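Asks: Build the full structure now, drawing on both the sequences and the hints.
Everything in the sequence shown is counted per the working numbering, starting at 884 for the first residue and increasing by one.
FYI, nobody ran anything at the bench for these hints, they're computed from the structure. Check each hint, because a few of them may be wrong.
[As the list claims (entries may be wrong)] Restricting the straight-line Cα-Cα distance to at most 20 Å, the calculated cross-link-like pairs of lysine to any residue (SDA-like) are:
{"no.": "1", "residue 1": "Lys912", "residue 2": "Gly893"}
{"no.": "2", "residue 1": "Lys887", "residue 2": "Lys909"}
{"no.": "3", "residue 1": "Lys909", "residue 2": "Gly893"}
{"no.": "4", "residue 1": "Lys914", "residue 2": "Glu935"}
{"no.": "5", "residue 1": "Lys926", "residue 2": "Gly893"}
{"no.": "6", "residue 1": "Lys912", "residue 2": "Lys887"}
{"no.": "7", "residue 1": "Lys921", "residue 2": "His904"}
{"no.": "8", "residue 1": "Lys909", "residue 2": "Thr932"}
{"no.": "9", "residue 1": "Lys909", "residue 2": "Lys921"}
{"no.": "10", "residue 1": "Lys912", "residue 2": "Leu937"}
{"no.": "11", "residue 1": "Lys887", "residue 2": "Ile901"}
{"no.": "12", "residue 1": "Lys887", "residue 2": "Phe899"}
{"no.": "13", "residue 1": "Lys887", "residue 2": "Thr932"}
{"no.": "14", "residue 1": "Lys887", "residue 2": "Cys923"}
Predicted, not measured: the structure shown is a model, and the values here were computed from it.
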Amino acid sequence: MEEKCCPLCGRPLGAFNIDRHHLIPKTFKGKEQFEVHKICHRKIHSVLTERELLRTYHT
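Replies: Structure below.
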(Lines of atoms letter the chains of each structure in order from A and count residues from 1; the text may use other names and numbers.)
(Lines give C-alpha, C1' and ligand atoms only; values in the text may rest on other atoms or scores of the structure.)
Protein backbone atom coordinates (compact mmCIF):
# COMPACT_ATOMS: atom_id res chain seq x y z
CA MET A 1 0.00 0.00 0.00
CA GLU A 2 1.35 3.39 -1.01
CA GLU A 3 1.80 5.96 1.76
CA LYS A 4 0.03 9.34 1.37
CA CYS A 5 2.38 12.25 0.79
CA CYS A 6 2.08 15.94 1.54
CA PRO A 7 1.18 17.70 -1.74
CA LEU A 8 3.37 20.66 -0.77
CA CYS A 9 6.68 19.02 0.15
CA GLY A 10 6.22 15.49 -1.22
CA ARG A 11 7.26 13.77 2.03
CA PRO A 12 5.13 10.99 3.57
CA LEU A 13 2.39 12.34 5.84
CA GLY A 14 2.56 9.70 8.57
CA ALA A 15 -0.01 9.68 11.37
CA PHE A 16 0.93 12.80 13.35
CA ASN A 17 1.48 16.52 12.77
CA ILE A 18 -1.12 16.73 10.02
CA ASP A 19 -3.46 19.66 9.26
CA ARG A 20 -6.22 20.10 6.70
CA HIS A 21 -5.75 23.05 4.36
CA HIS A 22 -8.71 24.64 2.57
CA LEU A 23 -7.90 25.52 -1.05
CA ILE A 24 -10.31 28.43 -0.76
CA PRO A 25 -10.21 29.93 2.75
CA LYS A 26 -13.12 29.09 5.07
CA THR A 27 -13.84 32.82 5.42
CA PHE A 28 -14.74 32.75 1.70
CA LYS A 29 -16.91 29.62 2.08
CA GLY A 30 -14.20 27.20 0.92
CA LYS A 31 -15.00 23.54 1.48
CA GLU A 32 -12.41 21.59 -0.53
CA GLN A 33 -9.44 20.64 1.61
CA PHE A 34 -6.42 18.36 1.67
CA GLU A 35 -4.02 17.00 4.27
CA VAL A 36 -0.62 18.64 4.70
CA HIS A 37 2.11 18.65 7.35
CA LYS A 38 1.48 21.25 10.07
CA ILE A 39 4.78 22.95 9.24
CA CYS A 40 3.86 23.15 5.53
CA HIS A 41 0.43 24.54 6.46
CA ARG A 42 2.02 27.27 8.60
CA LYS A 43 4.33 28.14 5.71
CA ILE A 44 1.40 28.62 3.30
CA HIS A 45 -0.26 31.08 5.66
CA SER A 46 2.96 32.92 6.45
CA VAL A 47 3.59 33.57 2.74
CA LEU A 48 0.08 34.12 1.29
CA THR A 49 -2.85 36.15 2.61
CA GLU A 50 -6.37 34.72 2.52
CA ARG A 51 -7.18 37.04 -0.41
CA GLU A 52 -4.15 35.76 -2.34
CA LEU A 53 -5.20 32.17 -1.64
CA LEU A 54 -8.72 32.97 -2.86
CA ARG A 55 -7.41 34.63 -6.03
CA THR A 56 -4.95 31.82 -6.75
CA TYR A 57 -7.25 28.82 -6.22
CA HIS A 58 -10.77 30.11 -6.92
CA THR A 59 -11.82 28.98 -10.39
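Asks: If a hint holds in the structure, say so; if it does not, say that too.
Replies: Consistency of the hints with the structure:
no., hint, result
1, Lys912 - Gly893, "violated, 27 Å"
2, Lys887 - Lys909, "violated, 24 Å"
3, Lys909 - Gly893, "violated, 24 Å"
4, Lys914 - Glu935, "holds, 17 Å"
5, Lys926 - Gly893, "holds, 15 Å"
6, Lys912 - Lys887, "violated, 26 Å"
7, Lys921 - His904, "holds, 9 Å"
8, Lys909 - Thr932, "holds, 13 Å"
9, Lys909 - Lys921, "holds, 17 Å"
10, Lys912 - Leu937, "holds, 10 Å"
11, Lys887 - Ile901, "holds, 11 Å"
12, Lys887 - Phe899, "holds, 12 Å"
13, Lys887 - Thr932, "violated, 27 Å"
14, Lys887 - Cys923, "holds, 15 Å"
In this structure, the earlier hints numbered 1, 2, 3, 6, 13 are contradicted, and the remaining ones agree with it.
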